Amino acid sequence: MTKSSFRTVLSASTMALCAAMALPALAQDADIKIGLVSPNSGANARYGSFAQRGAALAAKEINEAGGIDGRMIEIFPADSVCTPVEGVSATQRLINQNEVDFIIGDICSSVTLAMQPLVEDAKVVLVNAASSNPQITYQAGVGGYKYSFRNYPTDEVRALSIAKYAAEKGLTKLAVLSVDSDYGRGAIDFTKKYIDDLGVTLVSEDYYKEGEVDFRSVLTKVRKSDAQAILMYGLADTTPIIARQMIEAGLAGKLPLLGNGEFSAAATIEAAPKAMDGAIEAAAWLPAYDSEGSKAFVAAYEAAYDGEEPNNHAYGHWETLHLLAQAIDDADSIDADAVVAALEAISFESPMGTITFDDHHQAIRPLLLLEIEDNAPVVTGSVTGAVTYADN
Amino acid sequence: MYFLLEQILNGVSSGAVYAIVAVGMTMIFGVMRAINFAHGEYYMIGTFGGWYATSALGLPYPAAILFGVAVTIVIAYVIGKFVMQRMIGAPVEASVVATLGVSLVLQNTAILIFGGSYKFFSAGYIEPVFFGDVGIAQQRLLIILVCILVFLGLELMVGFTRMGKTIRAVSQNIEACEVVGIDVKKVVMTTFILGTALAGFSGILTAPVNVSVYGGMGEIITFKTLPIIVMGGLGNVRGTLAAAMILGIAESLVAGHFGLQYRDSVGFITLILMLLWRPHGLFSSRARF
Amino acid sequence: MNNTPLSTTASDPKRRNLRAPIVIALAVVALGAPMVLGTYAVHAMVIALIFLLPAHGLNLLVGYTGMLSLAQAAFFGLGAYASALMSIHLGTSFPVNMLAAIALACVIAVPLGIPALRLRDTSFVMCTLGFVIIGQAISKNWISVTRGDMGLNNIDKPTVGLAGYSWTASNPVEAYYLALVLAAFATWVFWLVVRSPAGRNLVAIRENETLAESLGIPTWNYRLAAFVIAAGFGGAGGSLYVHYISVASPLMFQTLYTTTMLIIVLGGGAGSITGVIFGSFLFVALSEGLRIAPELRMIAYGLSLLILVFRFPQGFAPFLMRIWDWAGGVDKKEGSA
Chain X
1 MTKSSFRTVL SASTMALCAA MALPALAQDA DIKIGLVSPN SGANARYGSF
51 AQRGAALAAK EINEAGGIDG RMIEIFPADS VCTPVEGVSA TQRLINQNEV
101 DFIIGDICSS VTLAMQPLVE DAKVVLVNAA SSNPQITYQA GVGGYKYSFR
151 NYPTDEVRAL SIAKYAAEKG LTKLAVLSVD SDYGRGAIDF TKKYIDDLGV
201 TLVSEDYYKE GEVDFRSVLT KVRKSDAQAI LMYGLADTTP IIARQMIEAG
251 LAGKLPLLGN GEFSAAATIE AAPKAMDGAI EAAAWLPAYD SEGSKAFVAA
301 YEAAYDGEEP NNHAYGHWET LHLLAQAIDD ADSIDADAVV AALEAISFES
351 PMGTITFDDH HQAIRPLLLL EIEDNAPVVT GSVTGAVTYA DN
Chain L
1 MYFLLEQILN GVSSGAVYAI VAVGMTMIFG VMRAINFAHG EYYMIGTFGG
51 WYATSALGLP YPAAILFGVA VTIVIAYVIG KFVMQRMIGA PVEASVVATL
101 GVSLVLQNTA ILIFGGSYKF FSAGYIEPVF FGDVGIAQQR LLIILVCILV
151 FLGLELMVGF TRMGKTIRAV SQNIEACEVV GIDVKKVVMT TFILGTALAG
201 FSGILTAPVN VSVYGGMGEI ITFKTLPIIV MGGLGNVRGT LAAAMILGIA
251 ESLVAGHFGL QYRDSVGFIT LILMLLWRPH GLFSSRARF
Chain H
1 MNNTPLSTTA SDPKRRNLRA PIVIALAVVA LGAPMVLGTY AVHAMVIALI
51 FLLPAHGLNL LVGYTGMLSL AQAAFFGLGA YASALMSIHL GTSFPVNMLA
101 AIALACVIAV PLGIPALRLR DTSFVMCTLG FVIIGQAISK NWISVTRGDM
151 GLNNIDKPTV GLAGYSWTAS NPVEAYYLAL VLAAFATWVF WLVVRSPAGR
201 NLVAIRENET LAESLGIPTW NYRLAAFVIA AGFGGAGGSL YVHYISVASP
251 LMFQTLYTTT MLIIVLGGGA GSITGVIFGS FLFVALSEGL RIAPELRMIA
301 YGLSLLILVF RFPQGFAPFL MRIWDWAGGV DKKEGSA
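Protein chains in written order, with our numbering: chain X, 1 to 392; chain L, 1 to 289; chain H, 1 to 337.
Because the hints were derived from the structure by calculation, they are not lab data.
Remember, predicted model here, so these are calculated numbers, not experimental data.
What you were told as hints is all true, and nothing was included just to trick you.
If we take Cβ atoms under 8 Å as the criterion, some of the chain X residues that face chain H in the derived model are:
| no. | residue |
| --- | --- |
| 1 | Leu113 |
| 2 | Asn133 |
| 3 | Asp180 |
Here are the simulated distance ranges between beta carbons:
| no. | chain 1 | residue 1 | chain 2 | residue 2 | range |
| --- | --- | --- | --- | --- | --- |
| 4 | X | Thr172 | H | Asn171 | 48 to 58 Å |
| 5 | H | Lys157 | X | Asp359 | 24 to 34 Å |
| 6 | H | Glu295 | X | Ser225 | 38 to 48 Å |
| 7 | X | Glu168 | H | Val110 | 50 to 60 Å |
| 8 | L | Phe82 | H | Glu295 | 17 to 27 Å |
| 9 | H | Val110 | X | Val203 | 40 to 50 Å |
| 10 | H | Glu295 | L | Val78 | 20 to 30 Å |
| 11 | L | Glu155 | H | Arg118 | 30 to 40 Å |
| 12 | L | Leu145 | X | Thr172 | 35 to 45 Å |
| 13 | X | Asp358 | H | Lys157 | 24 to 34 Å |
Every residue gets a Cβ at the ideal spot worked out from N, C-alpha and C, and that includes glycine.
Sequences are here, hints too, so could you generate the full structure?
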């Protein structure tokens, strides 16, 4: 009985899993299965939702246009809860139960790092669309994991272009207020690499924890210092909080924000127009970007999801799925090695410009520099930088 | 010196928020002896209620406060009926697991209903008032004022009303209350609803300055509140106010002098240091209420 | 408790004792499972076995000593970081790393346990929760060592070397057998601890500390020892975890890990070894089984915690005990094993 109850538990879960698979299995055999790993529950669910919606929109568009050589795309969403162990379980399930052909994911870097060895062993192509940890590409491509790709700008290029721009504008004393994560800390580390040559100094360094809502103490400290601008690599939903508290602290209009954190989103500017005026951002994409493809994406997204404004994760996952679809089309096969070769050779025309991959499977893609003027973003430049892999 | 004063003011303004949330949690602990790991979720529900009222129903902010508190009360009633009433006299482990379960359910139901994307709260009175060089949002002054009123009200209630006296009695000795015919279940329910309504109320009050609204926002509040209620002497209302202010100010000073990244550990480090010195809290739980 | 019930004397002599066959069958199932199950299911079982280690430690505290500690997740994280750092910087092998992780967790547990154990009930729970929060803050901010949020990655798969021959658990099936051996060993150690006179003294302390004290049991020393041993189990689990998942990051101090360990112990049945083993598999089956409905998964998970608390307040241990009694021939009802 103990044995059978033990088995019951196992077989019950296995049966449940099979039941979940029954539906896709009834669909055409020729469907291309793409797993999408993202955080969909818990505190980080707010990032996963955009990823799911962006990818779902791209899948719909591709299928409505007749699929890839007539083969439809099917998305298998999986929840990582932004936790490595959950992400690995989700990925194992995608690979072994759903037998997906490709995986897109995750947003949280630690999860992506844990997924890389798995997809390598299983020979499943992983395209990341949102993790910023530099390790991900240091160890991909010629670095080791040949099935891992990343279609997301590196923070090194971003940090350098912002620091340069600041120096050109005469903003040489910066107060750091970044998110306490690999992204926020990583971007500041890269900044430090270049500031000496540019004559820029960091007068203070503060890192806020995700979900932090009280910045008054730090902003008070910044006001007392001789900082000329706030250097922030932050989270999109924290930017309006900081901006509002800058107004409270009397910093709005005096110290501009520099960095990245969806400064240009309409809701952010609306929340605190005084503080956002003059903000300078280096972004992979922004909703207001004036290109036909980007505008069409925003319109389609808003039409599909009750007028919700897409963010960069929505765009990133949308674009990545289109990019992957083109690679599959180029390869004319869903064979992993053929698609890897196709991705390595790809020259994808995205709404933001041409995307190619370097030998570390890191996307070389344009990054926009923009400034908020009169409550609207103005694109002031575009940089395409390659990463140098000297010190790893 | 001036800088210090300003940091203290910042601390008081965040301490006031912690105090309103924590006092509800500590009162619930008082009558049930249960740590409510889901307490922050009621703060989240209140915020969501207020957000829904202003952005979807187009209600003005004061009406949104009422709406948010009403939603919190309804949900608290359901949870109270099905979960909290059964926790009376249950072991600590049971209350930890059950309230963690409630927390998961509430958090992810909010995500399911409203979707996972960002939501910004745009109502409220965020224009700053300047005292010389120091700026503070009107909303924060409102929060500090509300905090004072809440604590005055609670003092009056537990001191002079029948309900308050029964809450105090149940906190001191459940068995004796049952013997003399006090309806313990009803007292627990009332206290639970009062405590969670305060959390929801605090959520809507802080929404204008905290801006971001999302399903997982309650967890942070829960973790800020836990050390406060222990420091305040579990079940002790005045102690909780003092502990909340101490923590608010300590956090503000740490963030201002050492760095924001150390802020979240301040609560638990203070708690552990304090427990080394006084294992029963800064304020004895005997002096409860 | 794991006491064999006295009721065996009441068994029907004609009825066969099915206990030995059940144990053998379970062992066969445990050994043969990877041959039948797919990689994903095997992976899920590895996770169950990994979490069994800290759960044993927590069981010693909750089930045998009566102390609810949330600090297991802190020792789990400590063990994981210690192993990862040794593997990266010293290149030491898995067994060495694991022993070091256990030793470090035990050593750190002493200064943490001394103040914490002065506290009772809620204060103790909060203090141990504080250790987790502080652990997270350290892993995030001690960047020169932990690399902060960047985390440590590419940690070697567990390699076991013996006399010139070495073997690496490079896939889930191999990892399963490694985890199975380690979990079995840990269970045996745990069994030795709780079956020893010391273990019985712990139970005495749980039941009535004042009485135990008056009988001359040094309750303080025992409780500290239990806390330290539990930390060791936590460290061992963290070490195995990091070599399997290959990434260590501050995310390991999230509530999810603490909750997982609590559910395994309380769901399985605090104070019961078999209950906790069952609990770890049940928990993983539940958490993975719920993946069929991604949107509802965490809601359903939360609801099952409530069902657990209200329907099975003692966990599943009493239920397992009944099966065991029945297998021993207490119940005359016929059935297949």
